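Undergrad: Chains as they are written, first to last, in the working numbering: chain G, 1 to 223; chain Z, 1001 to 1301.
I should point out that these hints are in silico values taken from the structure, not numbers from a laboratory. Careful: at least some of the hints might be erroneous.
What the hints assert, rightly or not - Within a straight-line C-alpha distance of at most 27 angstroms, the following computed DSSO-like cross-link-like pairs (lysine-lysine) qualify:
(1) Z:K1003 / Z:K1223
(2) Z:K1287 / Z:K1223
(3) Z:K1205 / G:K68
(4) Z:K1282 / Z:K1234
(5) Z:K1003 / G:K193
(6) Z:K1223 / Z:K1205
(7) G:K68 / G:K138
(8) G:K138 / G:K78
(9) Z:K1205 / G:K78
(10) G:K78 / G:K68
(11) G:K193 / G:K138
(12) Z:K1234 / Z:K1205
(13) Z:K1128 / G:K68
(14) Z:K1287 / G:K68
(15) Z:K1223 / Z:K1234
Computed from a prediction, not measured in an experiment: that's the story for all the values here.
For reference, the chains in residue letters:
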Amino acid sequence: MADPYKPRAPFAPWDRRELPGLFDVEESARRVGNYKWAEMKLFEALGGWVATVPELDVKMRLGTHCYKHAWHSELWHKRLPELREMNPDRLTQPANDAMVRFVEAMTEPEAPEQTIEKLVGVYRVFIPHFIAAYTFHKNNTSQITDAPTIRSLQFILQDEFDDWRDGEMLIQSLIETPDEVDRASAHQARLGKLMLEAGGIAGPGSIGAATPATTAATSGGGS
Amino acid sequence: MRKFFPVEELARDSRFNQVTMKDRMADPRSALGKDEPRQKSNRLVPSRPDASAAARGLMHGIFVGEIQALEGAGRTCHDFRTAGDSARRAQDDAHGDDSFVDAVPFALKLDMARQAWDEARHVEISVKLSDWMGGEIGEFAENTVLFQAACSSDPILRLAGVNRALEGLAIDVFTTMKEFGDLAGDPYLEFCEDWMLADEVTHVKMGSDWLRRVTEHDPDRRKQALEFQSVVDKLFSYGGTRSDSQESPIGLARRFRELAGFTADEVEDIAEVSLAALDERKVAVAKMQAAAAGVELLATT
């Protein structure tokens, strides 16, 4: 039997987590506030669109996805006070004005003939940018100090990938003519340009900045 | 996207046929609308000669009701500004939009999103159950009155009308269908109805809790919401479709209503309204039958 009093390394040999991370508490909270705002806008839009789409399968998926994004915003809402933001509403903000314009443009289609546009905005522009911003955050924040954010990111990313696949397959099944391919592409390009202007879900730097980050420790303390 | 969505624009594919409450009650297949002699009990039980068609009809009604409940919950997520959402407030101000009475708590919206998911599952379940029972989408008309109750510009009135009145009715309907499945020896139907019933009890409780919390210091608003609920309850008791009487196809599920947060007095009020509606309908049917007999007499002379 192994000696229980024999000294062991605090980190097992297979545990390669690192202390350094790109974000300090303040920066992490800012990003989380942006995520919460964007997830809120997404679940509100999906809920509103349910009544406007005639396709029964799409209607049911939108209702299901509506809840998933509401739950994501709830996770971020609960994380904010843990990041020293005792008034979560203060940081529940869009990254910038361009992000507000993006959401306005994305939620513009309402007519029953515009299901393609509705889905393209969400599943070909908004959700891929969520996946990008969340992946960047997960891969660059401190694996030890910011573990609660990473845990939420992992749950949320699983949902985002599942929903993206659902949405993309719905779009592919709805597009039946070359004209509809053009419609989808034109709408994606229009929204993609607005998202470019916004710089991503958390603004410029959502998936890393051209200039090196200076906000947090980037060296030392590794296991 | 507009903030409030009109019931006549609810998007449907070509299989659906929408009708008003008035159309539905004029349908000779309606609960008490037939002029042939009625049996003693109209309760939906397998021994009824028309049990199969009536159960399919009720299941289709559940199916379209779930679609509208999904749409209503989704619209409540969208139509009202979340308390503390200053960016949305700025947008509303910029658009000169003051069409809403209030911002709603974030947690209320989360509950509505959760309800949207639940209702989406109920649509899925209803489609599969309809198919199981030999029904088809569009076989019966869709009465859109449920969504109308979800069109109030006051979120608390929506909760009173939808979560307490309509979801309360859903508790009664699912209890009846669950019992029907049990009596008919259909465990598949009974199993699914029991799961949906559990969700509906949760939705009614959500409505009861939010009504109490949001109107805690606003007795006038609470009174207004409860009055609206009463109107919707009466509307859905129209024709005596649901009551304690065996003459109604659907019974009043008293125990599950209490679990969902209805007080004993509230359940009694609904029971009285439902019985009154049944009596009103019987008088109306008697008048229609007398008028029809008069026309028949004229035609033969």
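Undergrad: Mind checking the alpha carbons of K1003 of chain Z and K1223 of chain Z for me, to see if they're no more than 27 angstroms apart?
TA: 25 angstroms, holds
Undergrad: For the pair supplied as a hint, K138 of chain G and K78 of chain G, confirm whether the alpha-carbon distance does not exceed 27 angstroms.
TA: 18 angstroms, holds
Undergrad: Can the restraint linking K1287 of chain Z and K1223 of chain Z be considered satisfied, given a maximum Cα separation of 27 angstroms?
TA: 36 angstroms, violated
Undergrad: Is K1287 of chain Z within 27 angstroms of K68 of chain G, Cα to Cα?
TA: 53 angstroms, violated
Undergrad: Below or equal to 27 angstroms on CA atoms is what counts here, so check K1128 of chain Z against K68 of chain G.
TA: It holds: about 23 angstroms lies between the C-alpha atoms, which stays within 27 angstroms.
Undergrad: Taken at face value, is the distance from the CA of K1234 of chain Z to the CA of K1223 of chain Z at most 27 angstroms?
TA: Satisfied, since the Cα-Cα distance of roughly 16 angstroms is no more than 27 angstroms.
Undergrad: Decide if the proposed pair is consistent with the structure: K193 of chain G and K138 of chain G, CA atoms, cutoff 27 angstroms inclusive.
TA: Given that 27 angstroms is the threshold and the Cα spacing comes to 25 angstroms, the pair holds.
Undergrad: Sort out whether K193 of chain G lies within 27 angstroms of K1003 of chain Z, counting only the CA atoms.
TA: Roughly 26 angstroms separates the two Cα atoms, so the pair holds.
Undergrad: Just to be careful, I want the Cα atoms of K1234 of chain Z and K1205 of chain Z compared with a cutoff of 27 angstroms; is the pair within it?
TA: 20 angstroms, holds
Undergrad: For K1205 of chain Z and K78 of chain G, compute the direct alpha-carbon distance and say whether it is at most 27 angstroms.
TA: Holds, at roughly 23 angstroms.
Undergrad: Does K1282 of chain Z pair with K1234 of chain Z here, judged by a C-alpha cut-off of 27 angstroms?
TA: Satisfied, since the Cα-Cα distance of roughly 15 angstroms is no more than 27 angstroms.
Undergrad: Hinted pair, alpha-carbon criterion (27 angstroms max): K68 of chain G, K138 of chain G. Please report holds or violated.
TA: 19 angstroms, holds
Of the hints listed earlier, those the structure fails to meet are numbers 2, 14, in rising order.
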